[in-house]
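Given chain A, work out where chains B and C should sit, using these hints.
Here is how the chains run, residue by residue.
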Amino acid sequence: MLEAPSAGSRARSVCLATDDLTAYFGQKAAIRNISIEFADRSVTAIIGPSGCGKSTLLRCLNRMHETIPGATVKGSVFLFGSDIYAEGASSTVLRRHVGMVFQRPTPFPTMSIRKNVAAGLRVSARSDIARIPTNDIVEEALVRAALWDEVKDRLDQSAMALSGGQQQRLCIARALATRPRILLLDEPTASLDPLSTQRVEELIYELKSTISVIIVTHNMQQAARSSDRTAFLLDGELIEAAETGTLFTSPREKRTEEYITGRFG
Amino acid sequence: MNRAERRHLVSGAMIALTYIAAAIATLPLLFILFHLARAGAAALSLSFFTQMPTPVGEPGGGMANAIVGTLVLISIATAIGLPVGIGAGLYLAESTNVRAARVVRFLSDVLNGLPSIVVGIFAWEFLVRPVGHFSALAGGVALSAMMIPLVTRTTEEMLRTVPVSLREAALALGYPKWRTSISIALRTAAAGIATGALVALARVAGETAPLLFTAFGNQFWSVSLNEPIAALPLQIFSYAISPYDEWHAKAWAGALVLISMVLIISLVARVFTRSRFGGAVD
Amino acid sequence: MTTGELTADPPTDRRKMQIREIAIGDGIYRVVVAACALVIPALLVLVASALGRAAWPAFSRIGTSLVTSSNWDVSSGEFGAAPALYGTLVSSVVALIIAAPLALGVAIFLSEFAPRWLRQPIGFLVDLLAAIPSVVYGLWGIFVLLPVLRENVMPFLRDTLHLGATPFFSGPAYGPSMLAAGLILAIMALPYISSVAREVLLAVPRSQREAALALGATRWEMIRDAVVPYARSGIIGGVILGLGRALGETMAVTMVIGNRPEISASLFAPGYTMASLIANEFSEATNDMHLSALMAVGALLLSITLVVNAIARLLVYRVSLGSRA
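Protein chains in written order, with my numbering: chain A, 2 to 266; chain B, 364 to 645; chain C, 46 to 370.
Isolated chain A (complex conformation) (with noise of 0.2 angstroms):
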């Protein structure tokens, strides 16, 4: 069981670390030879430009890369230690402990807002959430996506009947009903108004103390208010990670200033 450090201690365990990791669409790579550390417990942005490939490496974590035909992997990927794209592992339990949240809204069309939340549970076979009542796990993951209040009354209704902010918050709250250890967000309030936007912002300060959560931006604000650390990807390449104060007041890398002071992307 891996321990969170003690308060003011500089080192963090790790939950996910890439080794050399390579993506590839066909022949082209999207990411190439990236080795990154991902503190648990803690907030972590990777921000870059447009088709820097954030996203890909982002994919890369839960094995969601593969799923595209054509699309492969080369390095590996640990996960508390184990390498995800080792022989014999399996992706599909992987993703049982690892949610994630897509940049466009995708709630299931034919299913009701209570049935979408659950979606998960249906396939997740983890002891601890086992016992407890389904409706608890849904209400519970609705309050912390902030949409209960909207929803309560009406759970049983098509998930389509929502906007478009709140069904992304609908879909925040499927991935927390699993109870994944490890958040992987694209994106997420891209689609979002402000006040929507803020309250994700207020869910990942607080899912921070108990699961890690990694979350993929191009809003630079966001990234400097929500995150304990920023890496920053260009061309497929990471140019510097570091503490989010420390890269974005002083970063090391040229390119990495460049881009936060705005001179491209």
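This list has only true hints and no planted wrong ones.
Capping the alpha-carbon separation at 30 angstroms, the derived lysine-lysine pairs in DSS-like fashion look like this:
hint	chain 1	residue 1	chain 2	residue 2
1	A	116	B	540
2	A	75	B	540
3	A	29	B	540
4	A	255	A	29
5	A	75	C	61
6	B	540	C	61
7	C	61	A	116
Since the hints were derived computationally from the structure, they do not count as laboratory data.
Relative to chain A, chains B and C alone:
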């Protein structure tokens, strides 16, 4: 008239011709439906649905056995054709082997275009000849062979409308691939697939040739799978070519019932799709 | 939340079972789905082999006289199906001559000229033609079409238009005829041709039309010179598809063609088709050779329709691929 005017005149005339073509094309349908309604309704009565065929000269009589027989046959066809068609549709929509999928798709179209009498011969060869007698099962199998390519095609098309992002959302939750396909993709496409199935059903309900030497027809009441069974199209055919006027009238009534069945199934399919979408989108 | 399951420790038994369940589930799914897909080629193989096997005795004994001889005499073992072959081809060609221009006209109407409010209803009605069962067409053919032909159309063609002087419209006109079969087949093939033609016409890019109009073409000239040539192989594919349908039609044709195994140049004369031949004699096939001969006719019909349909599909595929490229 100068050249430009002539060209415009020709253009107008050709456009008018297309209007005429459209009129000519829709006329036969209206004629047929009209005549069907008139001649069919004249001979139709409640007893038509409840009584068995009677010998010539005797009053009354109906096609109860044929109506039920058609229902039995399309049930068998659906029980076989629907799962196989959906399975094949799933394969075509998801297969990573592009060449194999292309071949299967092509062969499905070929199967679709086979003369229905040839399909009947096939069912006869494997289900009638070995056992020495006609059967409802043989007829149902022949009809299912005609249903499969239709269901396969619509299933594949409907599955392709399911966005990849939906499948990804399921996979990211830890759904295994098979469950993603069935519980998410198939379920999302279900309304469209059901419509396609109903359309295929309407089509095979009216087929006669495949039944000629499989189900064969039956003057008596039978719903047994192992015996020849009456069917509306078969009954219409034998009444139509008979020399008796009252049987001709009954043939019209039967045709009216058959067409109504086909139209009702098609309408249900249409309403079904619309209500599904209407309910989901707000 | 347990991290126990996520550490580098060897996987627990529960997790191994989970992994195995998932693998089994995926495996079974893949097998079942592929098996369903395999049914399709299997059916085709079964159909072809059933016919081929059963037809072989007749083929080997009768040989080419099956298609060259007109003498179909069961008792003496003579099986010349030339009239049936002739009838199948001629009735289908007649049907196409009538249906193809009409279907193209309808397709052009629906894709170019029809006012918006007419488009849906007319399109729906034309498509509905395909939903009418063959036997209902036959019924209508016997009791409505044949009398009209006999009393109005045939005399009109023969006498008023003086076509009776030609061999195509000569001879007695009692109703059941190649013309009747051709007409009914035309009605039945029309929706198929029109549907394909409509699709390919709609797929012609707007730029083609606009370019022609910008050069000063009238609307008709635009259709004739810019749109139709572009969609030409697709339209031809649609016509051949209609041909495939017409070749295989059984019931409606049997009911109006007269079922006379004779070859005649006149459209007024009754005729025979391969499908009708099989339909009429199959249940009463008296001996094995008779049955085999019928199967041989079926095999011939199958081969012809297979080739025709394959050509049609290839043409239509090529257009849809080309328009995407």
